[in-house]
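Each protein sequence line maps, in turn, to chains A and B.
Using my numbering, the first residue of the first sequence is number 1, and each one after it goes up by one.
Using my numbering, the first residue of the second sequence is number 1, and each one after it goes up by one.
No lab work stands behind these hints: they were computed from the structure.
One should not assume that every hint holds.
From chain B, some residues computed to sit far from chain A (all C-beta separations above 12 Å) [what the hints assert, rightly or not]:
no. : residue
1   : S12
2   : S43
3   : R77
4   : K109
Derived contacts from chain B toward chain A, CB cut-off under 7 Å, selection only [claimed, not checked]:
no. : residue
5   : P44
6   : G54
7   : F100
8   : A102
Where a beta carbon is used, it is the ideal one built from N, C-alpha and C, also for glycine.
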Amino acid sequence: DGGITQSPKYLFRKEGQNVTLSCEQNLNHDAMYWYRQDPGQGLRLIYYSQIVNDFQKGDIAEGYSVSREKKESFPLTVTSAQKNPTAFYLCASSVRNRETQYFGPGTRLLVL
Amino acid sequence: QKEVEQNSGPLSVPEGAIASLNCTYSDRVSQSFFWYRQYSGKSPELIMSIYSNGDKEDGRFTAQLNKASQYVSLLIRDSQPSDSATYLCAPRGDNNDMRFGAGTRLTVKP
Chain A
1 DGGITQSPKY LFRKEGQNVT LSCEQNLNHD AMYWYRQDPG QGLRLIYYSQ
51 IVNDFQKGDI AEGYSVSREK KESFPLTVTS AQKNPTAFYL CASSVRNRET
101 QYFGPGTRLL VL
Chain B
1 QKEVEQNSGP LSVPEGAIAS LNCTYSDRVS QSFFWYRQYS GKSPELIMSI
51 YSNGDKEDGR FTAQLNKASQ YVSLLIRDSQ PSDSATYLCA PRGDNNDMRF
101 GAGTRLTVKP
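Next comes chain A alone, as it looks inside the complex (with noise of 0.2 Å):
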C-alpha cells in the first residue's frame, strides 16, 4: 500500500511538554510539508522540505521544529514555546516542490 501516514492519531501535550508528530510517506516523493488547520480557516503552511537533510520555515514556524534525515520521513516536534498548539496537523507530499499535494490523515493535538 502506497501512502502518507501519519500518527498518532490523537495526541495530547501537558503544559510545557515538547510532543512529536509523525509523518512518513512510502511515495517516493521529494517534497514534504507540515500544515496546521483551526476551525474554519484554511491550512497554514508551518514547514516544508525538498530534498533530505534541508528545510524551510513556511508562514507559522514559531515553536515547531522539524527534520529530515530520511526521504520518507518528516516529523514535526511542537515545542513548549508554541502557547496555542490545539489544532488538526497535516502532512503532505508531492513528487516535487512544483506538484500536487497529497495528504495523510492527519493528527488532532490537545492540551491538557
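Chain B: place on chain A using the hints.
Showing chain B alone in chain A's frame:
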C-alpha cells in the same frame, strides 16, 4: 484582504442540482489552482487541478479559471449527498507556495 477568499457557506443544494463554488485570490502570479474536498474530521483529498484559463471537466466536476479576474470556480453537476463536505481552493504562486482558502461547506439534501 485575504489571499484566498471563499464563501464559508453553508451552501445548501437539493440532490441532483448543480453546486457552484467560488474562489478569488489576490496573488496575480498564481499559475496553478487546486480544489480539495475535505470531509468532517478527515484530511483534504484532491478533486481537480487547473492551469489554463477556461473550463476543465472531470466527470461531474468542472473547474473554471479566469486569471484576469483572479477567479476560479468548481461546479458539481448532479450533486449527491456524498458530495456534502468542505471544498478548499488552493492557488499556487510563482514561488511555489500553495495558499489555502478557509473553504466552502456544501450540504446536499436528499
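Going through the hints against the structure:
no.: 1; hint: S12; in the structure: holds, 18 Å
no.: 2; hint: S43; in the structure: violated, 4 Å
no.: 3; hint: R77; in the structure: holds, 23 Å
no.: 4; hint: K109; in the structure: holds, 22 Å
no.: 5; hint: P44; in the structure: holds, 5 Å
no.: 6; hint: G54; in the structure: violated, 20 Å
no.: 7; hint: F100; in the structure: holds, 4 Å
no.: 8; hint: A102; in the structure: holds, 5 Å
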